[in-house]
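Participant: Chain by chain, the residues run as shown.
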Amino acid sequence: MIGSLATLGRYTVATLAEVGHVFIFSVKGLRSCFIPPFYFREIIRQMKVIGFYSVPIVGLTAIFAGMVLALQTHVGFTRFDAGDAVASVVVISITRELGPVFAGLMVAGRVSSSVAAEIGSMRVSEQIDALTVLGVNPFKFLIAPRIITGILTLPLLVLVADVIGVMGGFLVSVTMLNFSTGAYISQTLHAMQSIDVISGLVKAAAFGFCITTLGCYHGFYSDLGARGVGNATTAAVVFSCITILVFNYLLTALFFGA
Amino acid sequence: MKKKIILKDVYKSFGEGLRVLNGISLEIEDGESRIIVGRSGCGKSVLLKCLLGIMKIDGGDILVDGIGVGDKKRFPEYMRKFSILFQGNALFDSMTVLENVTFALGRTERDKSLRKLKAEEKLAAVGLEKRVFDLYPAEISGGMQKRAALARAIAVEPEILLFDEPTSGLDPVTGGVICNLLRDTVELLGVTSVTITHDLRVAEFLSDKVSVLNEGNVVWTGHTREMETCGNEFVKNFHRASNVISKVRRN
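Sequence lines, in order, name chains A and B. Mapping of the first sequence onto the numbering used here: residues 138 to 395, in sequence order. Mapping of the second sequence onto the numbering used here: residues 477 to 727, in sequence order.
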């Protein structure tokens, strides 16, 4: 009994220490985003890698999410004679929840892993030590450009996801569910409020911060060797996804809880 | 001669009980080429990282020109004195060979065009042809990577050059060429150098003053030719073992 309690205590302390370590890393990372020197070339490179190359997968996810949502909503709501509400449900669901969360999870899978692997292999091959010897702060050169990119590009990706997701719902509604084009568009515009889009974009910025910070953290402190980098990559994706879901709830409660 | 580097009772441990540096003391004079040899895992690379300030020491002190490694205010000045050729070269993957050197020059040179010119000059000085300047490190051979890393190391005009296992991973011919290049570079620049190696042939080639490390401490310092006749059994055995390997290789 005492042994089990001791083990539980050790795990609790270790988890809290890890959370504290991540928090300190995040604060240091965020602070380095505002203190010169700024490596603009590196920021642009990261924008291409993290933002631009994620457009296809985010777009693909969004269009299918919108299409499925339109179909399911129509099927479900017709039971209560509310089949006309498809456009409203699609636009509100996509902009508030599905757009940010799906884009966040997709980018977490694609970017968090690659950031952790890249920085982890830099740690293993002593490139981070080389930066320090050259008088370059690794936080400013490696971490800050990725965090800045995450915060700036995720909202843009979510905007793309919102537009494509709504388009997916529109396509299914017009071609399969016999909605008229004009009625669908006007219902969409009527139902959509600026707070829906803004809350989604704020969520996206928070997710971008979490994804890049956790990717950087796990890469930066990865154990040496191929296994260490592999473990860092897995941990980065798992914790990014969990953090996205937790933050999604917290931000939803903050925006719409009252 | 002025003491350039002084290590006083330096301790470094990892976790509980794994003591890697065990009260090591060492003095290296200005302009000297010192070789530190020892078996794998005896703490050579840790010593180098502690000297660079990349790893924090648990006890003792490290002084370079009187500046302590723990002196936060003067740490940038302390760091600027060093440059290192890492065991695995540590060239930045995302940059070309030329960009690797120009990036390093950002530490000393503000003018971009001058930086590029200087980088090309350094790369040519280590014997790299212009055709490799725009290639990425992964696209060139191990010997070329070593040369590029050396160009990056000397580009920042350091006072102290550190070499961590400079011939590791290279074939004997390329290893010999790199050793020649390192010796010529150190002589030409007139800098203090510290080389970490487990290969006594490299040690004998680069300098004749050697410190032997065992179990986290310097057990002997002297000239390579005195190793066989010194009173320390570990040093004698280390020297004999190296000779046996050399003979086996020759046969």
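One should not assume that every hint holds.
To be verified - No farther apart than 30 angstroms at their CA atoms in a straight line, the calculated lysine-lysine pairs in the DSSO-like style are these:
id: 1; chain 1: B; residue 1: 549; chain 2: B; residue 2: 479
id: 2; chain 1: B; residue 1: 557; chain 2: A; residue 2: 165
id: 3; chain 1: A; residue 1: 277; chain 2: A; residue 2: 165
id: 4; chain 1: A; residue 1: 185; chain 2: B; residue 2: 588
Stated by the list, open to error - Just a few of them, taken from the derived set where beta-carbon distance is under 7 angstroms, the chain A residues facing chain B:
id: 5; residue: 198
id: 6; residue: 263
id: 7; residue: 269
id: 8; residue: 360
Treat the hints as calculated values from the structure; they're not laboratory data. For glycine and all other residues, C-beta sits at the position ideal for the given N, C-alpha and C.
Participant: Would you pick out the hints that fail for this structure and give their numbers low to high?
Facilitator: As far as the earlier hints go, 5, 8 are violated by this structure, in ascending order.
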